[in-house]
Amino acid sequence: MKTFITGSGAFLPDHVVDNEDLVDRLGIDAERIFKSSGIRSRRWAGRETTTSSLANRALGRALADAGITSAAVDYLLFGTMTPDRFIPGSAPAVQKAMALREIPCLDIRAACCNALYALQVASALVTAGAAGRVAICLAEIQSRFLDLTPESATLSMLFGDGAAALIVSAEAGPKALEIVDVLLATDGSYVDDLGIRSPGTEFGSSRSHDVENRTDFAPRMNGQSVILQASRRMVAGCRALLERNQLSAENVRWIVPHQANANLLAQVARGLGLTNGAAEMINVLEEYGNTSSASMGIALDTLRRSSKIRAGDYLLLPAFAAGFTWGAALLRS
Amino acid sequence: MPLPKAAIDFVNENAESNGANDPGRVDDLFKMGALDSFALVDFVTVLEEHCGIQVPDADVNPANFRTLEVIERYVASRRAEQ
Numbered sequence: 001m002k003t004f005i006t007g008s009g010a011f012l013p014d015h016v017v018d019n020e021d022l023v024d025r026l027g028i029d030a031e032r033i034f035k036s037s038g039i040r041s042r043r044w045a046g047r048e049t050t051t052s053s054l055a056n057r058a059l060g061r062a063l064a065d066a067g068i069t070s071a072a073v074d075y076l077l078f079g080t081m082t083p084d085r086f087i088p089g090s091a092p093a094v095q096k097a098m099a100l101r102e103i104p105c106l107d108i109r110a111a112c113c114n115a116l117y118a119l120q121v122a123s124a125l126v127t128a129g130a131a132g133r134v135a136i137c138l139a140e141i142q143s144r145f146l147d148l149t150p151e152s153a154t155l156s157m158l159f160g161d162g163a164a165a166l167i168v169s170a171e172a173g174p175k176a177l178e179i180v181d182v183l184l185a186t187d188g189s190y191v192d193d194l195g196i197r198s199p200g201t202e203f204g205s206s207r208s209h210d211v212e213n214r215t216d217f218a219p220r221m222n223g224q225s226v227i228l229q230a231s232r233r234m235v236a237g238c239r240a241l242l243e244r245n246q247l248s249a250e251n252v253r254w255i256v257p258h259q260a261n262a263n264l265l266a267q268v269a270r271g272l273g274l275t276n277g278a279a280e281m282i283n284v285l286e287e288y289g290n291t292s293s294a295s296m297g298i299a300l301d302t303l304r305r306s307s308k309i310r311a312g313d314y315l316l317l318p319a320f321a322a323g324f325t326w327g328a329a330l331l332r333s
Numbered sequence: 001m002p003l004p005k006a007a008i009d010f011v012n013e014n015a016e017s018n019g020a021n022d023p024g025r026v027d028d029l030f031k032m033g034a035l036d037s038f039a040l041v042d043f044v045t046v047l048e049e050h051c052g053i054q055v056p057d058a059d060v061n062p063a064n065f066r067t068l069e070v071i072e073r074y075v076a077s078r079r080a081e082q
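For the record, the sequence lines run as chains A and B.
Counting from 1, one number per residue, gives the positions in the first sequence under this note's numbering.
Counting from 1, one number per residue, gives the positions in the second sequence under this note's numbering.
Bound-form chain A, shown alone (with noise of 0.2 Å):
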């Protein structure tokens, strides 16, 4: 049986941080933000804004997009490592606010990966005849958990908030793009390298840290570490998927990668040889920021919107998370 994503949408918060909005409190130099990141601006939700409520109005134009009502989705997946609450996920809440049925919900952790993780599981679904249409809402506020002072500079300037929505069914449609292959694999050595320590059972909660470790509870990121793998491991990735569908960097179209900093993206860009301008990697980076799990589901989302796609495209979609984690999708059109 094969698999399609029928619908996406996507949703950005109003409110435009700059580069030079956090010159003072970083206390770093606005194109030097750009150069070493390929970012100008991001978006940042209010205070009175939830996860979960960026995901509604995702997945509101994502059902429009597909034609159906939310009645018509019977399994909910949610990518998010910025949820409402510890517990439960934030699945239900999408559940409640879109009024969907009383349906299967879960949240999925794999932080930046979580799209890809998204796609494999609710193509699984499908497949299994387990759901007829899958709901996948990928989304954050990150805004919210930054340390904005000098010592995180280089973290905390990378980070927005947003939200994308897809529609995974087995019904082709005109704009339906075939899910044909997801490619995932973990090392768990480098778990300290990228993520959140606490809450947890390893670091501790908030009831029983000290001052001290209050930077458990912050996003921390060994970006050597994470550079030089995730440039290795992602063309690895990449080329593991293509060979094992019979196909070469040379038959892509398009590539729609986990928007993280755009010198990485360089570097996957060259280790594939995608420098011939065959191939074109889509990039939302500059303006929305690295919304880490919401990032690829709004980059496709921009694509598709865009009309580009011809019939027979082949689309790439490689992405690297904490974990570490990594992998890539293999769409048609």
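It is possible that part of the hints are untrue.
[Claimed, not checked] To be clear about the criterion: a stretch of chain B counts as covered by chain A if any three or more of its residues have a C-beta under 8 Å from a C-beta of chain A, and this derived list gives those stretches:
#: 1; region: 34-41
#: 2; region: 47-60
[To be verified] The calculated label-pair distances, taken between Cβ atoms and stated as ranges, are:
#: 3; chain 1: A; residue 1: 277; chain 2: B; residue 2: 2; range: 32 to 40 Å
#: 4; chain 1: A; residue 1: 224; chain 2: B; residue 2: 73; range: 50 to 58 Å
#: 5; chain 1: A; residue 1: 224; chain 2: B; residue 2: 26; range: 15 to 23 Å
#: 6; chain 1: A; residue 1: 277; chain 2: B; residue 2: 19; range: 27 to 35 Å
#: 7; chain 1: A; residue 1: 145; chain 2: B; residue 2: 69; range: 52 to 60 Å
#: 8; chain 1: B; residue 1: 17; chain 2: A; residue 2: 224; range: 18 to 26 Å
#: 9; chain 1: A; residue 1: 24; chain 2: B; residue 2: 8; range: 42 to 50 Å
#: 10; chain 1: A; residue 1: 186; chain 2: B; residue 2: 77; range: 25 to 33 Å
#: 11; chain 1: B; residue 1: 2; chain 2: A; residue 2: 49; range: 57 to 65 Å
#: 12; chain 1: B; residue 1: 18; chain 2: A; residue 2: 243; range: 32 to 40 Å
In case anyone wonders, no lab produced these hints; they're calculated from the structure.
Note that the coordinates shown come from a computational prediction; the quantities given were computed from them, not determined experimentally.
For glycine and all other residues, C-beta sits at the position ideal for the given N, C-alpha and C.
Go by the hints and put chain B onto chain A.
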């Protein structure tokens, strides 16, 4: 065994593009600007192509590529293992 010319050229050209001099055998390539994280990824590819070695992902960290002398030792160890 000395590193192949392609590897030395890569390091020297990268140093030059960052306004640094050609590195000596024990100079810290990262501190002097001859390598950074992005350049190291490309440099490892050069080593794999010209030294006949495979560099495991777990070995791609600056400690193995800190100086030309350290790199020579690393390449020799990979050749011995392979």
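Going down the list of hints, with the structure as the test:
1. 34-41: holds (count 4)
2. 47-60: Our answer is that it holds, as 3 residues pass the Cβ test (under 8 Å) against chain A, meeting three.
3. A:277 <-> B:2: 32 to 40 Å: holds, 38 Å
4. A:224 <-> B:73: 50 to 58 Å: violated, 21 Å
5. A:224 <-> B:26: 15 to 23 Å: holds, 21 Å
6. A:277 <-> B:19: 27 to 35 Å: Cβ of residue 277 of chain A to Cβ of residue 19 of chain B: about 31 Å, so the range 27 to 35 Å holds.
7. A:145 <-> B:69: 52 to 60 Å: violated, 43 Å
8. B:17 <-> A:224: 18 to 26 Å: holds, 20 Å
9. A:24 <-> B:8: 42 to 50 Å: holds, 44 Å
10. A:186 <-> B:77: 25 to 33 Å: holds, 27 Å
11. B:2 <-> A:49: 57 to 65 Å: holds, 60 Å
12. B:18 <-> A:243: 32 to 40 Å: With Cβ atoms ~36 Å apart, the hint holds.
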